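Number of protein chains: 2
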Amino acid sequence: MNTIKIGLFGFGTVGQGIYHVLKQAKNAHATIKRICVRDISKPRATDLPPSLLTDRQEDILDDPEINLIVEVIDNADAAYGIVTTALRRGIDVVSGNKAMLARHLPELIDMQRRYNAALLYDASSCGSIPVIRNLEEYYDNDLLLEVKGILNGSSNYILSCVFDHGETYGQALDHARRLGFAESDPTFDIGGWDALFKLIIITVHALGEYVAPERIFTYGIQNIHEADIRYAREKRMKIKLVAQVAKVSESAFTMFVMPEFVGPEKYIYSVDDEYNGVVIRGECYDRQFMFGKGAGSLPTASSILSDIMARRHNYRYEYKKMAYLDRPAYTTDVTLRIYARYGTTDIPSLLPFKKITEMYMSEGSNYVIGDILLSDLIAHRRLLDASDIFIANLSRFFSDRDISH
Amino acid sequence: MNTIKIGLFGFGTVGQGIYHVLKQAKNAHATIKRICVRDISKPRATDLPPSLLTDRQEDILDDPEINLIVEVIDNADAAYGIVTTALRRGIDVVSGNKAMLARHLPELIDMQRRYNAALLYDASSCGSIPVIRNLEEYYDNDLLLEVKGILNGSSNYILSCVFDHGETYGQALDHARRLGFAESDPTFDIGGWDALFKLIIITVHALGEYVAPERIFTYGIQNIHEADIRYAREKRMKIKLVAQVAKVSESAFTMFVMPEFVGPEKYIYSVDDEYNGVVIRGECYDRQFMFGKGAGSLPTASSILSDIMARRHNYRYEYKKMAYLDRPAYTTDVTLRIYARYGTTDIPSLLPFKKITEMYMSEGSNYVIGDILLSDLIAHRRLLDASDIFIANLSRFFSDRDISH
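Taken in order, these protein sequences are the chains called A and B.
With our numbering, letter number 311 in the first sequence gets 1571, and the count goes up by one each step, no holes.
With our numbering, letter number 191 in the second sequence gets 1451, and the count goes up by one each step, no holes.
Everything labelled a hint here was simulated from the structure, so no lab data went into it.
It cannot be assumed that every hint is accurate.
Any copy will do: because identical chains look the same in the list, a pair fits if it lies in one copy or spans two.
[Claimed, not checked] Straight-line Cα separation of at most 30 Å, BS3-like style, residue types lysine-lysine; simulated pairs:
id: 1; residue 1: K1283; residue 2: K1293
id: 2; residue 1: K1495; residue 2: K1286
id: 3; residue 1: K1286; residue 2: K1507
id: 4; residue 1: K1302; residue 2: K1283
id: 5; residue 1: K1283; residue 2: K1507
Only a predicted model underlies this, so the values are computations on that prediction, with no experimental measurement involved.
Just chain A, same shape as in the assembly:
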């Protein structure tokens, strides 16, 4: 085991966290040799030897002493360029870029094999919660039934402000922005995309199947309205933005990201504020629940550090489940029970419900509860963006037992 010499791309909050954590971790046997940033002239708070910094990618990629590249930049396209260049040269990479990974995983898996280089990315999903590593190593058998959780801290923080602290959605969003939990353009978080990308990565390691983002139903919390919050409160539930992948039969699985009504008997009900929580369900072990900080400088940095240490011991993902002969196939031919609140848009006639079980109409807003195929939701996805519409999941379709627990 040699000392790891790191070339770090990106010195934002996570990059600075890694620098800080590595200085603290006396037994890490890893040092940062060079840091590539976009703007080298920017003033930096950290006591950084100026010689560490560069704005030329080649200073890292061409340095034969650097044996691990850690990539924590925001831009997915730039990250893709760095990661693929490194892998092609046989240099190992640790990345936290979920958007890049979710879009390019099949190619990146292939490149790892072809160029005999390892790519680790546990930090990309749920920050400090070791979901990927556990799915890859521990829940390494075909008894896994479901992975379901709150994977996005920003949207969860906003929903917590609403449900636990009585703020309006607008107040909560402002609040989250002020605390740095939401970007100035929060679509990535509250639109469900961040959770979707994590779910795609998780599914590769849970079931050995890659599904491209555009094939998956994704619906965020942008359109949530006082009426939805009131409805949830009346039923003593909270609305959470939930990502899930689940087997629906021996040979098929489905996955989606959408708001869900969650009652207090479920584990994820108590995942509040910026925390993430993941429930892993298997045939034998029943439910495992993992809970922790999903984002932030130091939790993400400590997850990156775990990946760095894993490389020191030559750990790599083996993607064993992708080699299984009887992998389940992705399906959207699944019936969901949903709540759909609407104003002027005539949801009951525009959405092809198989069955409507409840309808409510009032002056301010209306809702319908009914059964609908996931494939029909996907087909009508654009309709659901209308600002007078909000839908949320009420399904319990994967088993007779209360599966969402």
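Given chain A's structure and the hints, the job is docking chain B onto it.
Frame of chain A, contents of chain B only:
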């Protein structure tokens, strides 16, 4: 990767669970070649080919085709004999025997190195929760501060009956016995020994230090009394049997098993019934919480299966932290704040409290709350077994923040 041919020792609930799980797991590439039981003539429910069974250990240990021994027998001494014989012959072993492991880990670690054989035992601690593997692999740096949890399902089940379902302690114990959650002699569980053994194993993987059972303060829930339950309820707390290991300074750590008053703001408050829950705290990732079924036939079997699969990929514990140069040293020179309820035994004068902060006397029972050295509790350990005494932890000593969360 070859098919694993297993020699199984023990065919009780866990052994039968393994048989069942392996039949279900199509991609396990592992088969049971022989099962060694104590009484071969005993009628068995499972549809077992009779040729699988033997009562001679040599039929497994001498079989050159068997490349993995799975040991799930009750008897710690017999388990020790089987495991050491196998390791000496270079045969890999998966074991769930916490009593055996907690007593013999240093020797067993040494034997793994000397004979180049692997011993895996994730099932020994918290059943289906992958605590060991995560401490060994993921929390693999010196930023770990504390591991704390409910490690024994039986005692937790009893306490849940008391606190959540209003049963008396006697009713709850009967209840647990009827459901098979407690042995006919429940001392192992309710006396804290089972939790202690798990804590010892966890500490080896958390901090790289082995501490022998007799050096660790262990106090169970046998003496819990209506007055203690009332006291906890008045403070809106539950009493939980908690095992913890924590760094108390840069260079020292302490560990113990004892009942603790736990408020609703803490993660382990909601770990009820036969479940286990573990909080792992680090400097950067803050708190991680893992929750799941800690015992039972199938959860334990599925954990054993994970170890079997790990061997298929040549995984072994590397005990990296034991090689760290600046490992913290075990100390009992730590001040705890405890609640001590007593009847006729004069606890305030018999126990060397450094400071008493509260005293309460009544006709029925009395209690004192005060600060005492852990080493003094150990020195007076026998006194605390008196049936009119019950103590529980109230400390928050590891940091200024609420560390037990």
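To see whether the hints hold, each was checked on the structure:
Only within a single protomer do K1283 and K1293 lie at most 30 Å apart by alpha-carbon distance; the minimum there is 13 Å, versus 51 Å between protomers. In this assembly of identical chains, the alpha carbons of K1495 and K1286 never lie at most 30 Å apart, being 51 Å within a copy and 42 Å across copies at closest. In the homo-oligomer, the alpha carbons of K1286 and K1507 lie at most 30 Å apart only across protomers (16 Å), although the nearest pairing inside one protomer, at 43 Å, exceeds that limit. In the homo-oligomer, the alpha carbons of K1302 and K1283 lie at most 30 Å apart inside one protomer (22 Å), although the nearest pairing across protomers, at 61 Å, exceeds that limit.
In this assembly of identical chains, K1283 and K1507 lie within 30 Å of each other by CA distance solely across copies; the values are 19 Å between and 43 Å within a copy.
In summary, the one numbered hint that this structure violates is 2.
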